[in-house]
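Protein chains: 2
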Amino acid sequence: MSIDATPKGVLLKADPIANTFRDEIRVSLAGPKPPKLVGILSTSSAPSKSYAEFTQKQCEALGVEFVLRKVGAAAGDGGEGEGVEEAIIEANEDDSVDGIMVYYPIFGVQQDHYLQQIVSPYKDVEGLHFKFHYNLYHNIRYLDPKSLLSSVPPTAPPAPAVEDQPPEGTVKSILPCTPLAIVKCLEYTGVYNKLLPYGDRAYGKTITVINRSEVVGRPLAALLANDGARVFSVDIDSIQEYTKRPREGADPARRYHPRHVAHASVLTLQECLALSDVVVSAVPSASYKVKTEWLKDGCVCVNISADKNFEADVREKASLYLPTIGKVTIMMLLRNLLRLRQYREALKTTS
Amino acid sequence: MSIDATPKGVLLKADPIANTFRDEIRVSLAGPKPPKLVGILSTSSAPSKSYAEFTQKQCEALGVEFVLRKVGAAAGDGGEGEGVEEAIIEANEDDSVDGIMVYYPIFGVQQDHYLQQIVSPYKDVEGLHFKFHYNLYHNIRYLDPKSLLSSVPPTAPPAPAVEDQPPEGTVKSILPCTPLAIVKCLEYTGVYNKLLPYGDRAYGKTITVINRSEVVGRPLAALLANDGARVFSVDIDSIQEYTKRPREGADPARRYHPRHVAHASVLTLQECLALSDVVVSAVPSASYKVKTEWLKDGCVCVNISADKNFEADVREKASLYLPTIGKVTIMMLLRNLLRLRQYREALKTTS
Chain L
1 MSIDATPKGV LLKADPIANT FRDEIRVSLA GPKPPKLVGI LSTSSAPSKS
51 YAEFTQKQCE ALGVEFVLRK VGAAAGDGGE GEGVEEAIIE ANEDDSVDGI
101 MVYYPIFGVQ QDHYLQQIVS PYKDVEGLHF KFHYNLYHNI RYLDPKSLLS
151 SVPPTAPPAP AVEDQPPEGT VKSILPCTPL AIVKCLEYTG VYNKLLPYGD
201 RAYGKTITVI NRSEVVGRPL AALLANDGAR VFSVDIDSIQ EYTKRPREGA
251 DPARRYHPRH VAHASVLTLQ ECLALSDVVV SAVPSASYKV KTEWLKDGCV
301 CVNISADKNF EADVREKASL YLPTIGKVTI MMLLRNLLRL RQYREALKTT
351 S
Chain G
1 MSIDATPKGV LLKADPIANT FRDEIRVSLA GPKPPKLVGI LSTSSAPSKS
51 YAEFTQKQCE ALGVEFVLRK VGAAAGDGGE GEGVEEAIIE ANEDDSVDGI
101 MVYYPIFGVQ QDHYLQQIVS PYKDVEGLHF KFHYNLYHNI RYLDPKSLLS
151 SVPPTAPPAP AVEDQPPEGT VKSILPCTPL AIVKCLEYTG VYNKLLPYGD
201 RAYGKTITVI NRSEVVGRPL AALLANDGAR VFSVDIDSIQ EYTKRPREGA
251 DPARRYHPRH VAHASVLTLQ ECLALSDVVV SAVPSASYKV KTEWLKDGCV
301 CVNISADKNF EADVREKASL YLPTIGKVTI MMLLRNLLRL RQYREALKTT
351 S
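Here the protein sequences line up with chains L and G, keeping their order.
Numbers 1 to 351, taken from the working numbering, label the letters of the first sequence in order.
Numbers 1 to 351, taken from the working numbering, label the letters of the second sequence in order.
In isolation and in its complexed conformation, chain L is listed as follows (with noise of 0.2 Å):
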């Protein structure tokens, strides 16, 4: 072996890390009756069709009934998008369908996030309502399922959790499914400490997201910096630094909080990038790539976006590079399937 030989950085599949949650996704299922799916497709967008068939392989293979629902341009019968308001709301009132997927992007960000309001949070396997987004904004990990009934956010935040046990009378919020989906990865690569509390398994850790809908970069920003992470949010005007340890200097008695704040930061994305231990990029552009030579030697790159936003040569740096992470994401949308039949199993005991 030449000493000139650099050794690349690994490319990881998301196979490994989706297969360590199909053995217990298959034990959940383990019933009389095997929870019901429905994909509501209602654009021609191609990207959107093959996710839905994607699904729909998916779940057939552990055993979840999943059944595509085609209105509109879909259907070849209207315009795109018609009919999905209507085709969501038939499903929130079926008592036989224990999730709703909807294919987005539809009408546009604003549009479309009306209508993830109307999907019933009961349902939501995708985790976009605003009541889950609240209470991942807040760190707020368990929930009563009949306090998703009010529309009114929880006036008084339950204290925060110290180990990964929901108390009594609560369960898990549901979490968005990409943003949990990379909390996953990054758990499986060591980013995510075990040794570390519950709650604070990235402190140590620098972390640049690159996008910041509401969707995916946001809360998955909100989330890594309520895990401890020192985490930069990047969008095309501005640079955001979450934390839940702000910066020296502070008042101390403003020096650690419950939950991630956010400010301004000062750095530029070339000098954020060299700090990171970690980039999460999620920029829909396929002209958007991150410069190889701004990352820090080692960094873990994680590429959500469809089109490919690392350059080819990007594990010349990186440690480790996760092209595409579709598969853990799925895993994620079961499990919150399953979570949420939990939810109304609660509500239907209670009431």
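Only true hints are included.
Listed next, the in silico DSSO-like pairs over lysine-lysine satisfying Cα-Cα at most 30 Å (straight line):
id	chain 1	residue 1	chain 2	residue 2
1	L	K348	G	K146
2	G	K194	G	K296
3	G	K205	G	K172
4	L	K13	L	K36
5	G	K13	G	K36
6	G	K57	G	K36
7	L	K146	G	K172
8	G	K33	G	K146
9	G	K146	L	K172
10	G	K146	L	K146
11	G	K13	G	K327
12	G	K348	L	K348
13	L	K49	L	K308
14	L	K146	G	K348
15	G	K8	G	K205
16	G	K36	G	K70
17	G	K8	G	K194
18	G	K13	G	K289
No wet-lab data here; the hints were simulated from the structure.
Add chain G to chain L, keeping to what the hints say.
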């Protein structure tokens, strides 16, 4: 008078329209305790600051208690928007507060949309909570105040209202202030015809709405179409038509709907304007202008943007031009405040 002297259209200020509501609000205010409105200002934006001062003045003139809560950049204590979510939650929990108004934009449409869901629907004077949008889009005009407690959309909409009288046990649903103010202006200017049945008083009118945001343009287009108008909803990349009476040639069973349906239009903006009795523009850009030469002679033009979206010679074509409707919007906000107090009282007496 020379035969060449073309008369110009009328410049209609908001004052006479706002005044028609002033007395009604004053009468409703008579009582031992004035309602309390909290305004939350969290940015350094000059337009937001002057809008807050304007709200304050209007409230004081009418005897509404207005408390301006400044946080973050507005208080010189942190970044843009810092502390706004905490201030909302505090006002939600404070039983002495009857209404909450947040000065947007703060973080951008996505994160601002999240904040709009955090405001308790019982204090949402702006009508931006998704439950109110849901009712608007579904032409559900009345609600049982208790139903707002639920996070799940109503399963079966009530029978459509035939008169302007809430059925027993219900009150009128809150409508977003700006779209509602525009409807009031169109009532005042006679675009709405009181000889037509309630709920269909814009029948026969064609209206172009430029902008399809989830805060103004789309709810406005839906509201006008639910009231019988044929509406062209225009945004940067598409034109849609909203109507209760779909195009000719459609399946007769689908010729009339209890609420609007939307479909893509094949018309250009120029063709829409040529057909339009009313043009409402809400484009947040100083450079955007509706071309006067494209307007239908004698139409009504309403500018909603903080910028001037119509050309200086708009009244060469428009019979009526409303350059700003802010004073009407404030009246609608105060009406919503009074209605929300009713909601909370109804809740207290029945629980």
